[in-house]
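Q: Just so you know, the protein sequences line up as chains P and H, in that order. Numbering-wise, this note's numbering puts 14 at position 5 of the first sequence, and it's gapless, one number per residue. Numbering-wise, this note's numbering puts 185 at position 13 of the second sequence, and it's gapless, one number per residue.
None of these hints come from the bench; they were simulated from the model. It should be emphasised that the depicted structure is a prediction, and the values quoted were computed from it without experimental measurement. Warning: the hint list may mix true and false statements.
[What the hints assert, rightly or not] Derived CB-CB ranges, DEER-like:
#	chain 1	residue 1	chain 2	residue 2	range
1	P	Gly62	H	Glu187	47 to 55 Å
2	H	Glu187	P	Ser27	16 to 24 Å
3	H	Gln180	P	Asp82	17 to 25 Å
4	P	Thr109	H	Asn230	27 to 35 Å
5	P	Asp65	H	Ser246	29 to 37 Å
6	P	Pro17	H	Glu182	26 to 34 Å
7	H	Asn239	P	Leu105	42 to 50 Å
8	P	Met36	H	Gln255	23 to 31 Å
9	H	Lys242	P	Thr109	16 to 24 Å
10	P	Val59	H	Thr199	30 to 38 Å
11	P	Asp65	H	Ala244	30 to 38 Å
12	H	Ser281	P	Pro92	48 to 56 Å
Where is the CB? At the ideal position from N, CA and C, for every residue including glycine.
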Amino acid sequence: NAGVTQTPKFRILKIGQSMTLQCTQDMNHNYMYWYRQDPGMGLKLIYYSVGAGITDKGEVPNGYNVSRSTTEDFPLRLELAAPSQTSVYFCASSYLRVGTEAFFGQGTRLTVV
Amino acid sequence: AQTVTQSQPEMSVQEAETVTLSCTYDTSESNYYLFWYKQPPSRQMILVIRQEAYKQQNATENRFSVNFQKAAKSFSLKISDSQLGDTAMYFCAFGAGTALIFGKGTTLSVSS
């Protein structure tokens, strides 16, 4: 039972480079989320999706893009990486929007230098 | 806008003792959910306990229990018989509408 799988676990990017953080879940959850965790700041919502083909912005969407072509996959794209995007990124999914448990991936530690 | 406040950045406790982590929130919603998540050094986010706002009874899960005070908008977590494996960061989270909103976390250290 894999749950939510994120790749890569670690990555170093140079300023201006782009990359895609992969996220896939095998629980057939409609709701998926991307959060970033900065030291001492908790988790902040970047983007979320309520189903295939439907995405919307969260609290801190600038500098990121997402797509949801299937129920299972919810990749996060960073264009023109900046040092401010150095963070730990978590993908999560849930059966219902907020009433049930959100299952998290193990996170991606991204450093932009 | 909803907010979640955890006023204790760090706490420490000895094994077998009891510790209480504080959380307050602000919302105009009447129907919502509250959660405590644990994040050990492995970085994995693990659900500890969940409370539905319409339920007056406080949730309990083994050594973990909450004190939910709806009128005061307070949701504290009590850990009884603390164990070394409880060492982690604990996040309080509020759920209504779009997605979970997290507090900044409390780092709990359990020592022998």
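Q: Each hint should be assessed against the structure and marked as holding or not.
A: Going through the hints against the structure:
The given range of 47 to 55 Å is respected by Gly62 (chain P) and Glu187 (chain H), whose C-beta atoms sit roughly 51 Å from each other. In this structure, Glu187 (chain H) and Ser27 (chain P) break the distance hint of 16 to 24 Å, their C-beta atoms being roughly 48 Å apart. A hinted range of 17 to 25 Å for the beta carbons of Gln180 (chain H) and Asp82 (chain P) is inconsistent with their spacing of about 38 Å. Checking the proposed 27 to 35 Å range against Thr109 (chain P) and Asn230 (chain H) shows it is violated: the Cβ atoms sit about 19 Å from each other.
The supplied range of 29 to 37 Å is met by Asp65 (chain P) and Ser246 (chain H), whose beta-carbon atoms lie about 31 Å from each other. Between Pro17 (chain P) and Glu182 (chain H) the beta carbon distance is about 30 Å. The supplied range of 26 to 34 Å therefore holds. Against the hinted window of 42 to 50 Å, the Cβ-Cβ separation of Asn239 (chain H) and Leu105 (chain P) comes to about 25 Å, which falls outside the hint. The beta-carbon spacing between Met36 (chain P) and Gln255 (chain H), approximately 29 Å, falls within the hinted interval of 23 to 31 Å.
Checked against the hint of 16 to 24 Å, the C-beta distance between Lys242 (chain H) and Thr109 (chain P) comes to roughly 20 Å, which is consistent with it. Checked against the hint of 30 to 38 Å, the pair Val59 (chain P) and Thr199 (chain H) fails, with Cβ atoms roughly 21 Å apart. Evaluation of the 30 to 38 Å hint for Asp65 (chain P) and Ala244 (chain H) yields a pass: the beta carbon distance comes to about 32 Å. Between Ser281 (chain H) and Pro92 (chain P) the C-beta distance comes to about 30 Å, which lies outside the given range of 48 to 56 Å.
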